[in-house]
Amino acid sequence: MKQSIEFHNILQYIDQNLKEILINIDKNIAKNIEEIRLRMGKPLMIYSNGVNYYIDKKGTLYSTPINLQKSYLVTPENIYKTFQIVSNYSVYSIQEELKQGFITIKGGHRIGLVGRGVYNRDKLENIKDISSINIRIAREVMGASNHIIKYVIKNSHSIYNTLIISPPKCGKTTILRDLIRNISNGINSYNFEGLKVGVVDERSELAGTYNGQPQNDLGYRTDILDGCYKHDGIMILLRAMSPDVIATDELGHPNDIKAIYEAMKGGVQIISTVHGANLDDVKNKPNIKDIVEEKVFKRIVVLDNSKGVGTISDIIDGETFKSITH
1 MKQSIEFHNI LQYIDQNLKE ILINIDKNIA KNIEEIRLRM GKPLMIYSNG
51 VNYYIDKKGT LYSTPINLQK SYLVTPENIY KTFQIVSNYS VYSIQEELKQ
101 GFITIKGGHR IGLVGRGVYN RDKLENIKDI SSINIRIARE VMGASNHIIK
151 YVIKNSHSIY NTLIISPPKC GKTTILRDLI RNISNGINSY NFEGLKVGVV
201 DERSELAGTY NGQPQNDLGY RTDILDGCYK HDGIMILLRA MSPDVIATDE
251 LGHPNDIKAI YEAMKGGVQI ISTVHGANLD DVKNKPNIKD IVEEKVFKRI
301 VVLDNSKGVG TISDIIDGET FKSITH
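Its first residue numbered 1, the sequence shown is counted upward by one per residue in our numbering.
Read the hints as simulated data drawn from the structure, not as lab findings.
If you anchor each label on the Cβ, the simulated ranges turn out as follows: (1) 266 - 62: 49 to 59 Å; (2) 62 - 16: 15 to 25 Å; (3) 77 - 5: 23 to 33 Å; (4) 97 - 24: 25 to 35 Å; (5) 147 - 16: 39 to 49 Å; (6) 28 - 323: 29 to 39 Å; (7) 241 - 155: 16 to 26 Å; (8) 81 - 24: 16 to 26 Å; (9) 123 - 187: 41 to 51 Å; (10) 62 - 319: 44 to 54 Å; (11) 63 - 155: 41 to 51 Å; (12) 147 - 85: 37 to 47 Å; (13) 167 - 326: 13 to 23 Å.
Note that beta-carbon positions come from the ideal geometry of N, C-alpha and C, so glycine has one too.
Using the sequences plus the hints, can you model the full thing?
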């Protein structure tokens, strides 16, 4: 399966001693791994199917804490060697990315890195003495947005402004990614022609751009601005790429909201996401409350993990705030 292949591909970026342990874990769990966690002096762990697993020295998995003598404890050497591999043995080459706390590798996988912050005149210049590494395996799920696309399409050449609400680790980025692809390519069964989509991929999670090339399929008519603040990126796309739709992940900053209003003045439709448990939760968020209550988003998709990651809990009409699926 593709996810199993992705897991085995990611092992090439991990210290050999850890690789020899990880390669032995249960294949049914390995194919759905989302995170591999390395914390210096702590148990080696993975996150798969909503469960945190502890790993022993033979690659056996446990869903509850086990005796430290039985666990494989991550060593400073494991951290150092893994960091050397993911930086391609050149820390200087990833200096700018390191300031953001993560780097993107081939395949669109994201490596989170934390340790000691180094400041110069109140500005973060570097992260040194790496002590924890979080390897997040990118999951591109074609068809993830199939259950919501018919509610997002307005007519053959337009969509509704759409906001996806989701708690962490409930699949919002996966669904947004697939929604972008469908809007970009068009869908014959809905007589939807497809639109020009501009994507502001601030944290390289949507396209997973590596050396300028998107690792994930966001569609034929999609232009991607990688590693750029959302508010700056929205304005650049408006000036440079004449998009029909602008898509971005995780709204929150006041400047993001201002940029969305500017885009709408130009007749551009918006697709975005926000962290939250439900609509009421989002209405209590200071920077999001107004844009929701002003009925900017005509479709509001709420996710949870009640039936697995990416479960569509509800789809709400942004004008009436009533469910259109229940």
